[in-house]
Amino acid sequence: MVKKFVMFVTVICVALFFAGVSHAGVVKIGAVQPLSGNLAVYGQGFKMAIDLATAEINAKGGINGKKLEIVYEDGKGTAKDSVAAVRKLIDINKVPLILGPAASTNFLAVAPICENAHVVLIGAESASPAITKAGAYVFRVFPSDKLQGKGVAELVEKLGYKKVPVLYINNDWGKGLKDVFVANFTKKGGKVLAEIPYDQGKTDYRAQLLQIKRFNPKAAVALVYVKDGAVIFKQAYELGIKTQWIAGSAAKSGKLVKLAGKAVEGLTGTYPAFSNTSPAYKAFAAAWKKKYGDKKIGIFAEYNYDMVHLVARALAKGGATPDGIRKALYKVSKGYVGVTGDKTFDSNGDVGSAYGVWSVKDGKIISKR
Amino acid sequence: MTIFFQSLLDGLIAGSIYALFAAGLTLVYGTLHFINFAHGELIMAGAFLAYLFMMPPLLLSPLLSGIFAVTGVVLLALLMDKTVFSRLRNANPLLLLIASLGLSLLLQNLAQVLWGAKIRAFPFPLQRGKVFGPVVITSVQITILWVAALTIFLLYLFLKFSRIGKAVRGVADNPVLAKTFGVESEKIIRIVWVVAAILAAVGGILVAADTNLEPHMGIVNLVRAFAAVLIGGAGNVWGALIGGFIIGLSENLGVLLLPIGYKDAIAFFIIILILLFRPEGLFGTRWGVR
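So the sequences go chain by chain: P and B.
Numbered by our numbering, the letters in the first sequence go through residues 1 to 369 in order.
Numbered by our numbering, the letters in the second sequence go through residues 1 to 290 in order.
Next comes chain P alone, as it looks inside the complex:
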C-alpha cells in the first residue's frame, strides 16, 4: 500500500517536473489567420507554411533551446473577428508578437491595437501602402504595392515605349502607385501624356478611355484592379483602342482573363517575384513535399515561411519581449535572403522586392521571373 502511494507521488512529481520544464522551455507567439470564413481557403495554406517553418526551427533546437509555439486564433477573414482575436492574444495569452491577419483591411484594423499595446505585428500577405506608416511595431515581409510603380516604369522603359498615358484607380493605392510610376518614368526620360483617374465600381469608363484614344498611344499604363480592369479593357476593345496595355500586379489574375476574354489578350504587367530556382526555394519546396506530400504549395506560403524564420532569429537574438524583438528584427533581417529574396527591413518595417513580368497569351497568364 505504502509502496503504491510512494510510486503514485513519484509519478506525479515527475509529471509536474516535466510539465514545469516544458512550460519554462516554450516561447509562445500569436497568429491570427483566416482559418474559417471567406479567406479560409488561403488561411489553411498560411498555417501549413507557418507550421512547416516552426517544425524546422524546433528540430534545430528551437529558440536558444526553447520550443517555439504558435498560438493560433481564427480571424475569420474579417476585420471585426481579427480585432477580437488580436485582443485575446494580447490580453489573455500575453504574446510579445503576432503573425498578422491576411488582407490589408484586416491587417490595418489590428495594427493600431498592436501599436498601442506595444506588441509586434508582422504580416506576410498585406500589400497596402498604408501599412508603411502603420507604426513602429508593425512589419511585413511582403512588398508594398507602392514599389510596383517603380516596377511598371522599368517595364515600360524595357519595352521601349517613351510616351504613355496612365489610367489609375482614384484611391490611396492607385494615386500612390501612379505618383511613384510618374516620378520613376520621367526620371528615365519618359513622357507621361496624361494622368487619368477613374472611380472604382463604375459601369462605364468610356469617357476616360476616349481621353486615352485621342493620343492614339503605342502603349498605355493601366493601374487597375481585376473587376474594374475587366470593364475597362472590354470597353477599350469595343472602342477599337489598339494599344499595348501595361498593368501592375493587382490585375494579374485568371479572373481578369475570364471576365474580359480576348480584350486582355497581349496585356502585360509586373508583379513582385522571387526565384523558384534558388537554393533557398528548392530547400523550401523539398521540405514542403516531405511534410505535406503532394499538396500544392499555397499562395504566399513562401512569405509566411520566411516570416516565421525571421521571427525565430529575432526571438533568439532579442529575447521574447516586444521591444527586444522589434530591435532584433532590424538586425537579423539585414542581408537575410529567404525563399522570397532579400528581406532587409527599411526603417518603416517594409521590405524591397524584385519584379517579374506577366502577360496574357492565348487566354492564359504567363509569368516570367
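Incorrect hints may appear among the rest.
What the hints assert, rightly or not - The list that follows gives simulated cross-link-like pairs (lysine to aspartate or glutamate, EDC-like), each with its CA atoms no further than 16 Å apart:
hint, chain 1, residue 1, chain 2, residue 2
1, B, Lys118, P, Asp204
2, B, Lys263, P, Asp204
3, B, Lys118, P, Asp199
4, B, Lys263, P, Asp199
5, P, Lys202, B, Asp264
Think of the hints as simulated: they come from the structure by calculation, not from any bench.
Please read these numbers as outputs of a predicted model, since none were measured by experiment.
Given chain P's structure and the hints, the job is docking chain B onto it.
Okay, now just chain B, sitting in the frame of chain P:
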C-alpha cells in the same frame, strides 16, 4: 475632332436612355405628385431580371429575356403601389417621398443579398465596334438607339392618340377636373405605374447592355433622370425626354472641357442651377405642353 464626334454619339446613346427614365419618373410625379426614389430600383430590377433570364439555367434569348423582365418590373411596380403608395394616396407628398426612399433602400439591399455587390455583364460576345468615319459604335449600341427611339415613339403615340393616354395627361393636368369628366383616377394611376415601369425596365436593360449591372445602378441613373425631369419641368413628359438628351450630351461633352473626374458631378450641377434659377424647368408652364 474625333473625340468630339465620339462624345456626341456617346451622349446621344446615354441621353436616349436617360430620356426613358425621366419620362417615367415625371409621369409618376405628374399623377401622384411625389418624386419616386424607388424608380431607380425599377431600372435595376429590369436589368437584373433580364440577366436572370439570359443566364443559366434558363438561357433565354435577349429578346425573350427582355420581355419577361419588363413584365416582371411592371408587376413589381404594381406591387409597390398596392402595398405602399396606394395606402398613402392622400398623404403629404413628403411622406410618399420618404416611403419611396425606404423602398429604394430595401430593394437595393435585396438585390445585393440575391446577386452580391459585384459588377456583372450580359453574356454578349465581345466585339470590336464598327467604325463610321470619326466614330466607333458597337452593334449593341446600335440596337440601343433604335429600341430607345421606338420606345419613345410608342410613348408619344400612346399619350397623344389613345383615349387612356389622353386621360393620363388629363389626370396629370388637373385630377379634379378629370374626375368630373368621369376619368377613374385609380385606374389611371395603375396605368401610369405600368408605363413608368415599362420605360424604367427597357432603359435599365439598355443601360446594362451598354455598360454593366450592379445593385446600385438604379440610384446612379435616378440622379440623371431627376436632373432631366427638372430641366423639362416636373410633370412635363416631352420636357423630360428632351431633358434626358440634354443630360446625356452635357455629361459626355462636358468632360472635353472639365477634368474627367467631374463627369458624375455634371448632373448635380445642372440640378442646382435649375433649382436656383428656373425651378419651373426650361420649358416650364409657358409652353404648356403636358
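Cross-check of the supplied hints:
no. : hint                : in the structure
1   : B:Lys118 - P:Asp204 : holds (14 Å)
2   : B:Lys263 - P:Asp204 : holds (11 Å)
3   : B:Lys118 - P:Asp199 : holds (15 Å)
4   : B:Lys263 - P:Asp199 : holds (11 Å)
5   : P:Lys202 - B:Asp264 : holds (10 Å)
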